[in-house]
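Chain by chain, the residues:
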Amino acid sequence: MSDEGNLISTGLRIVNRHKRYILWFWLLNLTLAEFGTAAFRNQAHAVLDHSLFADKLLHGFDLSVFVELLSRPETGSVAGSTMPAMYFAILFLVASLLLMPGVLEGYTSEGRPSREEFFRACGRNLWRFVRLLLFFAIVAGPITGVLFAIKAGLAKLADKSTNEMTPFYTSVLTSLVIFFILTAIRIWFDLAQVDVVVRDQSAVRKSVAAGLRYAGRHPFRMLTAYSGITLVGLLVLVTGVWIWHSLIRPNSVVGALLVSQVMLILWLWARFWQRAAAAAYYLRESVVPVPVLAAPEPAPVREPAAPLVPPAPEGAAPA
Amino acid sequence: MALRRAFLLLSAVLILPILGYCQAAATSKGAHPATASLIPETTSAINSSTPLSQRVVAYNIEGRYDPKMHSLDGSEILTYHNLTGQPLDRFPFHLYLNAFQPKATWIREAKAMGTRDVTYEKWEDKDYGSDEIKSFEVVGMGDLTSKLEYIQPDDGNKDDKTVVQIVLPRAVAPGESIQFKIKFHDQFPETQARSGWKRDFILGGQWFPKVGVWWNGAWNCHQYHATTEFFADFGVYDVSLTLPQYEVVGASGVLVNTVKNADGTQTVTYHGDDIHDFAWTASPRYKVGEDTFQGTMGPVQLRLLMQPAHWGQEARHVKILKQTLEHFERWYGPYPYKTLTLVDPEPDSAAGGMEYPTFITGDSTWWMPDGVYLPELVVEHEFGHQYWYGMVATNEFEDAWLDEGVNSYTECKVMDSVFSPKTSFLSQFGITVGNREVQRIQFIGVADLDPLARKAYEYASFNSYGGVTYGKTASVLLTLEMVIGEDTVQKALRTYFMRYRFTHPTKEDFLKTIEEVSGKDLRWYFNQAVYGTQVFDYEVMRISSDPVNWYKKDFKEKKGETVYDSRVRIHRKGDFVFPVEIEVKFDNGEKVREQWDGQDRWVRFTYRKKAKIESVEVDPDHKINLDRDNFNNSRTADPRAAATRKLANYWNFLSQTFAQFLTWWLV
Chain A
202 MSDEGNLIST
212 GLRIVNRHKR
222 YILWFWLLNL
232 TLAEFGTAAF
242 RNQAHAVLDH
252 SLFADKLLHG
262 FDLSVFVELL
272 SRPETGSVAG
282 STMPAMYFAI
292 LFLVASLLLM
302 PGVLEGYTSE
312 GRPSREEFFR
322 ACGRNLWRFV
332 RLLLFFAIVA
342 GPITGVLFAI
352 KAGLAKLADK
362 STNEMTPFYT
372 SVLTSLVIFF
382 ILTAIRIWFD
392 LAQVDVVVRD
402 QSAVRKSVAA
412 GLRYAGRHPF
422 RMLTAYSGIT
432 LVGLLVLVTG
442 VWIWHSLIRP
452 NSVVGALLVS
462 QVMLILWLWA
472 RFWQRAAAAA
482 YYLRESVVPV
492 PVLAAPEPAP
502 VREPAAPLVP
512 PAPEGAAPA
Chain B
3 MALRRAFLLL
13 SAVLILPILG
23 YCQAAATSKG
33 AHPATASLIP
43 ETTSAINSST
53 PLSQRVVAYN
63 IEGRYDPKMH
73 SLDGSEILTY
83 HNLTGQPLDR
93 FPFHLYLNAF
103 QPKATWIREA
113 KAMGTRDVTY
123 EKWEDKDYGS
133 DEIKSFEVVG
143 MGDLTSKLEY
153 IQPDDGNKDD
163 KTVVQIVLPR
173 AVAPGESIQF
183 KIKFHDQFPE
193 TQARSGWKRD
203 FILGGQWFPK
213 VGVWWNGAWN
223 CHQYHATTEF
233 FADFGVYDVS
243 LTLPQYEVVG
253 ASGVLVNTVK
263 NADGTQTVTY
273 HGDDIHDFAW
283 TASPRYKVGE
293 DTFQGTMGPV
303 QLRLLMQPAH
313 WGQEARHVKI
323 LKQTLEHFER
333 WYGPYPYKTL
343 TLVDPEPDSA
353 AGGMEYPTFI
363 TGDSTWWMPD
373 GVYLPELVVE
383 HEFGHQYWYG
393 MVATNEFEDA
403 WLDEGVNSYT
413 ECKVMDSVFS
423 PKTSFLSQFG
433 ITVGNREVQR
443 IQFIGVADLD
453 PLARKAYEYA
463 SFNSYGGVTY
473 GKTASVLLTL
483 EMVIGEDTVQ
493 KALRTYFMRY
503 RFTHPTKEDF
513 LKTIEEVSGK
523 DLRWYFNQAV
533 YGTQVFDYEV
543 MRISSDPVNW
553 YKKDFKEKKG
563 ETVYDSRVRI
573 HRKGDFVFPV
583 EIEVKFDNGE
593 KVREQWDGQD
603 RWVRFTYRKK
613 AKIESVEVDP
623 DHKINLDRDN
633 FNNSRTADPR
643 AAATRKLANY
653 WNFLSQTFAQ
663 FLTWWLV
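Just so you know, the sequences run in chain order A and B.
In my numbering, each residue carries its 1-based index in the first sequence increased by 201.
In my numbering, each residue carries its 1-based index in the second sequence increased by 2.
It cannot be assumed that every hint is accurate.
Using 16 Å as the maximum straight-line C-alpha spacing, the simulated EDC-like pairs for lysine to aspartate or glutamate come out as follows [to be verified]:
id	chain 1	residue 1	chain 2	residue 2
1	B	K611	B	E541
2	B	K625	B	D418
3	B	K183	B	E64
4	A	K361	B	E192
5	B	K200	A	E365
6	B	K289	A	D256
7	B	K575	B	E541
8	B	K105	B	E126
9	B	K200	B	D129
10	B	K625	B	D450
11	A	K357	B	D350
12	B	K289	B	E328
13	B	K200	A	D360
14	A	K361	B	D350
15	A	K361	B	E541
16	B	K424	A	D256
Simulated from the structure, these hints should not be mistaken for lab results.
With these hints in hand, go ahead and build the complete structure from the sequences.
Quick look at the structure:
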């Protein structure tokens, strides 16, 4: 099996060993979304629950009825319905930031960290992860800005073409390039996050440098693995939408709920799979070369959960 | 026989010089007597051996288009036949392309109210358009260029140059003809209001000086407004366009001739009979499709100019075009022209969805899925304008609802007939929209702003113009079907078409025709729906079912045995008075239908039955399209939360997806 294959399968093994993380994250997202959509739900209840006209939304989906619902004064502005959902989505992001160190603790440990160990890792690394996010924003923000500016410029140029397909192909190609560049940045910072957790690194800038160094060693290996997993995520999405559309009756609320939530779980699973692959890659790449004849040194034990392979801190002997 | 021939010869010798003298005398004075009208009686562009309209104008235009500069140099000989019954010494002309200048009324209004195409957040050179008269000569009266004067009859905006007038030194007598020789220079803007260029595409619409219409005893020649279209007299058009040979050209009327010139240009000549405008288009990349529709008056040549990337949709376009033609001929009357050109315009241009006589533009994209009927809808709608604008040539400045609105109604009828009423706009991934709902949605947000009978440029906003003119008119006529019957509305429209084709009818002509055909006085309806801004909104205000013996100590409810006193209260929330039907459904399956004239503000219905009310619905057959709020038209006794749960599930899913997407990239 190729290195990418190893990475993907190792990542898959890790993520499957810690399925509960995915379930917890999913549950958290679902709960927050319930709060975020409460305003819309209440407004919809008031309008729809006693109206026969609502049948047009239940037995099929008449878009004009939905538009009419949104345009009613009782429903309020669209922003009134969407903004709470947006806030709770940001809350999920913050919660993910808070809980991710615990997840990475689990992914880099041989055993299953206890709840206490999980939250200790979260607490210990919270501020570090916030700083990492800031580093990410400093790096990815301008690059994303430049990339989208280039995309807009190319789109403008392509728009002058007399071939109608040129703008489309230009958009697809530039989007793919942006995807790969942003994925590479994401890999870099995913590795930096692993580095922070594994090395208990307070100096986040050193982890940022380490992440870049590790990512740069085999740039295409990780990119291929991440892209492959993203493709799986996309397939899940497409298949899910197809099942939802083809096999679920329009009025089956439970069926639609199940399919949609399974899709979201699998999508979450794809992202965690990427993280597990990053953890596996990091641990593999951070092994200190050991002379064949030399006596094996005892691995530094980090209590309570030890990483699979300990890294050697830069410029210093292992503790 | 010989004697008779001699007599004829003698007559000719005596009479011809006299006629010649009269002609010369008239010409020397700049006008032609009625007996010598210069308007041709040609019929080569129509399936009729005689002219179909009272021809007032004849345009003979030659133009040379420069695709690099997007400009055109043209010369026009306009012959006007004075059929007004009175002498005319003043003639106003439209110069529509002058609308696309920053201080023009069109741009001012567009900036303030919005348009469907351009926002004008920033003025750009490419937005500029102009129609400049280089010289203006009246045959027999000489060069009157210096006498031209811009006028602003609607708003007094001195910077608006969309109407110019000439006062002649001598009036044109009733029955006389007059000829204007005009040289002009057009600068086309990047497409705005369905005229102009985009990349190497050009749509030449409203591109030549065009005389106003003498209507209801006065000149009717409005400035060009952001919400108005056009108004012109019927006549004959002979147009020659010179442009590069690589251009594929399409235009109103029939193609008469194509000459390849030595300088790499071609001159194409078109002829149109009984039309009131002329548009053309050119692009090097059109793919041409041709077909024929066998109309009741003769064959109609269908010519499609498609974008290469849309060529796969050619069959779709032909199919809906033929279906529409077939429906219109069957329902409303014959299509008399020999041609119809359908242009699939340049992508992202503001040229899609436009009508000119025998020439329409569609609207599509390369990825248009089969269940999205936008191309079909646009083709149907624009073809419909061949009837409601093209032949029944109402005043689009003042009575926009008579062309756009009546056309939106017939669009609903045809689209519902071709597709299904519930999916005649969209049927994709289980999501559906019917065309009549699209019409309704357009106006319910602006239901009380403007009446239909309002000049197009006096509407409160662009949304109101669009919603009321298109959506409300269609809804008014769909709801009228409930009052006089669907067949009667169709019959009335046929009568209206056959009676007023090739004329300029008024709103009252239309309304009186409906009343005449239906045999009913419909003023109560028209006064509210056409002349008024009354809002139509009925609601089921309250329903209740209480056991008759509720007070008894041993009382227990038993289904099928307990007797209930049930009450229903219907409320006329809006100020539009209309008789409605109400269906009351009981939990034993029994249904009761009630009638209410809607005169009072509310009405109560009471029942004593061994059953409770399950639901009540106003307009149970869903014939009323005017009601602003369909949710309150019904009420169920018990809540049914399934629809809300379904929507909440969608909303949750989208919200969770967004949260996961955000987190995927940022954490």
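In ascending order, which of the hints set out earlier in this document are inconsistent with the structure? 1, 6, 10, 12, 15
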